[in-house]
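*Asks:* Letter by letter, the chains look like this.
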Amino acid sequence: MSHFVLDARYLLCPMPVIRTQNRIAELAPGDTLEVHATDPGALHDIPAWCRVHGHEVVSVTNADKKISITLRVGGAA
Amino acid sequence: MSPQQPLPVNSIARAAPAAGAPRKAVALISGGLDSMLAAKVMLEQGIHVEGINFYTGFCVEGHTHAIRNHEHAKPKRNNALWTAEQLGIKLHIIEVIEEYKDVVINPKHGYGANLNPCLDCKGFMVRKAREWMEKNDFDFIITGEVLGQRPMSQRRDTMPVVARESGAFDRLLRPLCAKLLPETLPEREGWVDRSKLLDFNGRSRKPQMRLAAQYGFTDYAQPAGGCCFLTNEQYSHKLADLWSTRGTKQYELDDIMLLKVGRHLRPRPNFKMIVGRDEGENNFLEGYRKRFVHLHATSHEGPLVLIDGSANEDDLELAARLTARFGKGREAESVTLTVTDMQGNNREFKVVPMPANEIPPEWYL
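Protein chains in written order, with my numbering: chain C, 30 to 106; chain E, 44 to 408.
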């Protein structure tokens, strides 16, 4: 179980969700990925993408236009 | 090709799935109703469906809604993801920005009413879906196409072109109008029951709405003017302007993103202005400040304006008068503005705002 960080700041949706998807494809079930973004669309898209793929959203923070979303890779990554 | 003639056969050999395992289809999901219904029709037949969605850079989805007034409006959902969630299927979003350029710049089958290369685009997307199908060991591809519906890729004579040029051949199934088309491999092999496929034809949306009601879909997206900026007349006009002033049909992602944002005016052949229309757009344009000469009023509230091209002293004064016109100082006797060059050097201009009736309509792109 490892923790990884993905910088998706300054990218516009849907790029943050695409980068998240591509990064998760390289990770193992149980790994966590912390995604940093600035586009508020990521607050909606990344959790939605996680729901359809069976990954867990561990935490979401959004302070001062800095968004951080931590995900745990599900079994069927 | 008549509906009776069989389609050419896709020669890819696929192993039969393990006993009891369903056949697998990859569905092109746009976020609109038709692709949602097509996927549902397959799910109802026990097919394992996963969605695929392409990001070309011209997509209307998501970010443009976020750019405008994101302080006030709640971020708009991504309709393709929303559709997948309603259907309970996975959705794979594929970025194709670089590869897609060739479709836009050199469409073999030409453009539609605007700079929309719909037939080449559909062939490209089905080809990408075919590659994905082969890589992921899926059996066939489905789309929400309806015979006789717009755009031009959905005509009886163009549908086989898509099947052929994508290399999908008879592994491409259009569940919403399959009964009007030649039998495809999934039908022939009995993976799907042709008698339960549909025969939608023409531009009426009523059959789709009836089927949506039957499946209990009520909150589906109805994108006005489609999901692609290239079908938009004003957007195409701005893209054509970009190509003609640069003397070459090329673009980068930033170019096409900037065409989605702000008011674009070309007062002189050598430069154009990109004028933020609200706070969201001004914030977006802020991100490009270092790469453009830019202006903003200091004596009054107003937009951030980027200058694309090379502007001399007279041009800058004209740009300053126009910038003043789009700010709160439009009725003032004079407005003070700061012009910043790409090295970050600031200069001050004091100008009379240009009256609206002195701006020729042809300056607006």
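None of these hints come from the bench; they were simulated from the model.
Only a predicted model underlies this, so the values are computations on that prediction, with no experimental measurement involved.
Quick reminder that beta carbons are idealized off the backbone N, C-alpha and C, glycines included.
Check before you lean on any hint, since a few could be wrong.
[Stated by the list, open to error] Stretches of chain C that chain E covers, calculated by requiring three or more beta carbons in the stretch to come under 8 Å of a beta carbon on chain E:
hint, stretch
1, 52-65
2, 68-75
3, 80-94
*Asks:* Are the hints correct? Go through all of them and say.
*Replies:* Here's how the hints hold up against the structure:
1. 52-65: Per the Cβ count (0), the hint is violated.
2. 68-75: Held - the stretch 68-75 of chain C has 6 residues with a Cβ nearer than 8 Å to chain E, which meets the minimum of three.
3. 80-94: holds (count 3)
Violated hint for the displayed structure: number 1, the only one.
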